[in-house]
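Asks: Chains as they are written, first to last, in this note's numbering: chain A, 3 to 132; chain B, 3 to 132.
Think of the hints as simulated: they come from the structure by calculation, not from any bench.
One thing to keep in mind: the hints can contain errors.
[Claimed, not checked] Among chain A residues calculated to face chain B with C-beta under 7 Å, some are:
1) E4
2) N13
3) I19
4) I26
5) I82
6) Y83
7) L92
8) V94
9) F110
10) Y112
11) L114
12) N119
13) I121
14) E122
[Unchecked claim] Partial list, computed: chain A residues near chain B (C-beta under 7 Å):
15) W67
16) A84
17) K113
For glycine and all other residues, C-beta sits at the position ideal for the given N, C-alpha and C.
Chain by chain, the residues:
2 protein chains.
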Amino acid sequence: MEIEKMIKQLNPKFRNIDGKKLLIAIAIDEDKTVLMTAFMDEEALKTTLETGYMHYYSTSRDKIWRKGEESGNVQKVKEIYADCDKDALLFVVEQKGWACHENYYTCFHYKLNLKNNDIEIVGENMVNKY
Amino acid sequence: MEIEKMIKQLNPKFRNIDGKKLLIAIAIDEDKTVLMTAFMDEEALKTTLETGYMHYYSTSRDKIWRKGEESGNVQKVKEIYADCDKDALLFVVEQKGWACHENYYTCFHYKLNLKNNDIEIVGENMVNKY
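One chain only, chain A, in its complex shape (with noise of 0.2 Å):
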């Protein structure tokens, strides 16, 4: 199967995270904007090449899930990109709806403002605009 080929040729480094085996997986819109990062097993990897569409495994639900399978905001995969040492990915994706369970377009909406050391929300509350 040319999938599986492909994730042997690429010999992805699975670290021992929370007592799986796990890859970082980053996603970023066509922006370039970094929207989230989560993990992926094995299976979830496979599930993503073979679909298209972003699949993460939850260390806390313990179980691979399809991003967006409750809220409708899916992750379509563009492009992907190993970094060096192979225990890490990037996806491009295009980001239906927004990326955050908190209803941020990004995830990483909290700001360490290092002028006076203090954490501010950034960006708008997608739930609250529409």
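Please arrange chain B on chain A, whose structure you already have, making use of the hints.
Replies: For chain B alone, coordinates are given in the frame of chain A:
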């Protein structure tokens, strides 16, 4: 101390990664190109905040390293964002030279070609370039 207060307020979620308590650290440049991802323990995070330069925790060498300490390709911190579950930090950095020890600008220079399921190197080798 102000930095310790900010870390306490942030309340980062250190995961058990390869037997250590670590955060995921993603570095992007000011044009939002994803440069690399690596890990930080609490000391690496503190040292990064105190010095303004990226310090990571190396799981293979089992110690903190200042990015660029050998190559000179340091990363000066410009902005920091935390994600919603606080297990990952996104650092906007000013990258000196290039990020990857394989002499590419970004560590994510292995592209998975989704048309033919092959893996190809993208970008240019910066040492050959100059």
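Asks: Look at each hint and say if it fits the structure.
Replies: Against the structure, the hints:
| no. | hint | in the structure |
| --- | --- | --- |
| 1 | E4 | holds (4 Å) |
| 2 | N13 | violated (10 Å) |
| 3 | I19 | holds (5 Å) |
| 4 | I26 | holds (6 Å) |
| 5 | I82 | holds (4 Å) |
| 6 | Y83 | holds (4 Å) |
| 7 | L92 | holds (5 Å) |
| 8 | V94 | violated (10 Å) |
| 9 | F110 | holds (4 Å) |
| 10 | Y112 | holds (4 Å) |
| 11 | L114 | holds (4 Å) |
| 12 | N119 | holds (4 Å) |
| 13 | I121 | holds (6 Å) |
| 14 | E122 | violated (10 Å) |
| 15 | W67 | violated (14 Å) |
| 16 | A84 | holds (4 Å) |
| 17 | K113 | holds (5 Å) |
In this structure, the earlier hints numbered 2, 8, 14 and 15 are contradicted, and the remaining ones agree with it.
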